[in-house]
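There are 2 protein chains.
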Amino acid sequence: MQAQPLGVFDSGVGGLTVVRAIRRALPAESLEYLGDTARLPYGSKSPETVARYSLACARFLLGRGVKLLVVACNTASAHALGPLRAAFSVPVIGAVEPGAKSALAATRSGRVGVLGTLGTIRSGAYEAALAALDAGVRVSVHACPLLVPLAEEGWTDDEITRAIARRYLGELAAKDPAIDTIVLGCTHYPILAPVLERVAAEVFGRELRLVDSATAMAAEVAAVLAATGGATQAGGTGRLACHVTDASRIDELAPRFLGEPLAAHDLVELAL
Amino acid sequence: MQAQPLGVFDSGVGGLTVVRAIRRALPAESLEYLGDTARLPYGSKSPETVARYSLACARFLLGRGVKLLVVACNTASAHALGPLRAAFSVPVIGAVEPGAKSALAATRSGRVGVLGTLGTIRSGAYEAALAALDAGVRVSVHACPLLVPLAEEGWTDDEITRAIARRYLGELAAKDPAIDTIVLGCTHYPILAPVLERVAAEVFGRELRLVDSATAMAAEVAAVLAATGGATQAGGTGRLACHVTDASRIDELAPRFLGEPLAAHDLVELAL
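Chains as they are written, first to last, in our numbering: chain E, 17 to 288; chain H, 17 to 288.
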C-alpha cells in the first residue's frame, strides 16, 4: 500500500490548489488527479447529480489503485462524503471539515464567515461541521456564484472583481459585522485571496483572516498516512498524473491553480 | 408526421428563449424541450465533448418522436450541426445561420459584431456563415465568458453588469468601431439585451442594432414545416414538455427565459 498513489478529484482544475498543498507537505507521495472538466461546475447542480458524478470520479481513481481519496471539491464534499465512505474502503478526506478546523484555529471572536458555491452553501455542511467541532461558534454563510467564472476568466486583480467582491462581502458583513475569519469554501477561491483580503478589510473596517481547506487537507492526509502506516517509503519527488474529462483550456488554467506548469494530462471518459 | 412535436435542445434553460419565439410564431405546434442542465455549460468545453453531448440530446428527442430538431444552443450549433445532420433524417435547424441572416438583414454598414461563448467564438462558425451569405460583410467577434453567469445570477440591470458589458463591448469596438449590428450569439444573452443595448450606444457613440437567433430560427422552422407539409393541422395551443438532466434552479431560472411560468418539468438521464 505504501507505494500506491494518493487520489484527488475535483469538478475541474481548482483542486490543483489542494494538490499543490499536498505536494508541499508530502513531496515523496505520488498523486493521481482527476478533474471532471466535461461536467463542471458542480457548484450549481443538485445534490443527487453531484453525488452521482463524485462516485464516478472515485471509481476511476480506485481503478488506478489509489490508497486514499481526497475530495478537493467543496461541493462534492458537502453532498457526497457519506456515499463515498460507504462505497469504498480506502480513507476518504473531504474539504469541509479541514476548512472548518482551519477557521476555528484562526478565529478569536468565534464569529466565522463562509463563502462558497450555491450547492455548498445550500447544503449547510459548513454550519454542521463547525457546530460539531465547537457549539459556541457563530457561522454566517454566503453563496458567491460569480467568483468561479471570474477566477477562470483570470480577472484576479481587476476593478470588476473588486466590485463583485465588495457586493458579496458587504452582504456577508450585513449578516454578521463581527466576523473575524472567512473560509474560502471553494477550490477556485484561493487565487482570488489577495483581492478578497483587501476588499474584506475595506468592508469590515479591519483585517480579517482568510483560510482555505488546502493546507488543512494536506495535514489530514499526512496524519492519516502516519496513523495507518501508509506513507511511501520512497525518497525523492512523487509523480503527478493528471486526468481530465475535457481538455479545453487545461494548459491555460491548470498552472494558475497548481502554481507551476502542468507537465502533461490525459483525456478520460467516465461511466455515467 | 404533422401531429408529431418539434424537438428543441440546449445546454440549459437559455434555449427557452427560442421556445418562446417558436410558440409565438407557431402556437399550434407541440414542443419537446430538453435542457442538459447536468452538464452545462457547453460554451467552455471542447468541440468533441459538445458534439458527443449534442448527439445524446438529439437521440433522446428523436426517441420522443419529434419531426424536426432545433439546436437552440449556439455552441452546439457551432460544433455539432454536421454530425447531427449526418446521424438523423429529420430536418435539423441550428442557431448560427439564422443569427447570421438576422445580422445581414439589419446591417447598413456591412460591419457586424458577434458576441458568444468561448466555444462559439473559437469555432469561427459565425464568420463562416456570414461569409457564405455575403462575402462583402466584415465580421468582428468577441468571447464573453461572464455573460452567462451574470444572466443566471439575475443581475440584468446592475452596475456590475454594465461595467462588464462596457469591458467586452469596448474590446469589440477596438476591433471595429464601424460595427452597426451585434449578434447576441448565445441563448442566454437576450435577457441582457436592454443593458447591452444601452452600453453599446455609450461605447460606440450611437445606437446599434442587436439581433439574436430566436426569431429567425422560428421563421426557419415555419418555412421548413411549410415546405415539407409537416405543420400540424390541429388548432388551439400546442403542448410544451420540458425535460432536464438536473432539476437544480429550474423553477427559478426557466421563467426568466420562457417569459412565463413553466408548468412542469421532468428529470431524465442521458446516455454517455
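Worth flagging that the hints you see were computed from the coordinates, not collected in a lab. There may be inaccurate statements among the hints.
Stated by the list, open to error - Residues from chain E that face chain H, not an exhaustive set, calculated with beta carbons under 7 Å:
{"hint": "1", "residue": "Arg55"}
{"hint": "2", "residue": "Lys61"}
{"hint": "3", "residue": "Ser62"}
{"hint": "4", "residue": "Ala159"}
{"hint": "5", "residue": "Pro161"}
{"hint": "6", "residue": "Glu169"}
{"hint": "7", "residue": "Gly170"}
{"hint": "8", "residue": "Thr172"}
{"hint": "9", "residue": "Ile180"}
{"hint": "10", "residue": "Ala239"}
{"hint": "11", "residue": "Val240"}
{"hint": "12", "residue": "Asp262"}
{"hint": "13", "residue": "Ser264"}
{"hint": "14", "residue": "Ile266"}
To be verified - Covered, in the sense of this in silico footprint (three residues per stretch, anywhere, with C-beta under 8 Å from a C-beta of chain E), are these stretches of chain H:
{"hint": "15", "region": "200-212"}
{"hint": "16", "region": "219-231"}
Since we're looking at a predicted model, the values are computed, not measured. Beta carbons are placed, not taken as given, at the ideal position from N, Cα and C, and that holds for glycine.
Quick rundown of the hints versus the structure:
no.	hint	verdict
1	Arg55	5 Å, holds
2	Lys61	5 Å, holds
3	Ser62	4 Å, holds
4	Ala159	10 Å, violated
5	Pro161	5 Å, holds
6	Glu169	5 Å, holds
7	Gly170	10 Å, violated
8	Thr172	14 Å, violated
9	Ile180	6 Å, holds
10	Ala239	35 Å, violated
11	Val240	32 Å, violated
12	Asp262	5 Å, holds
13	Ser264	4 Å, holds
14	Ile266	10 Å, violated
15	200-212	violated (count 0)
16	219-231	violated (count 0)
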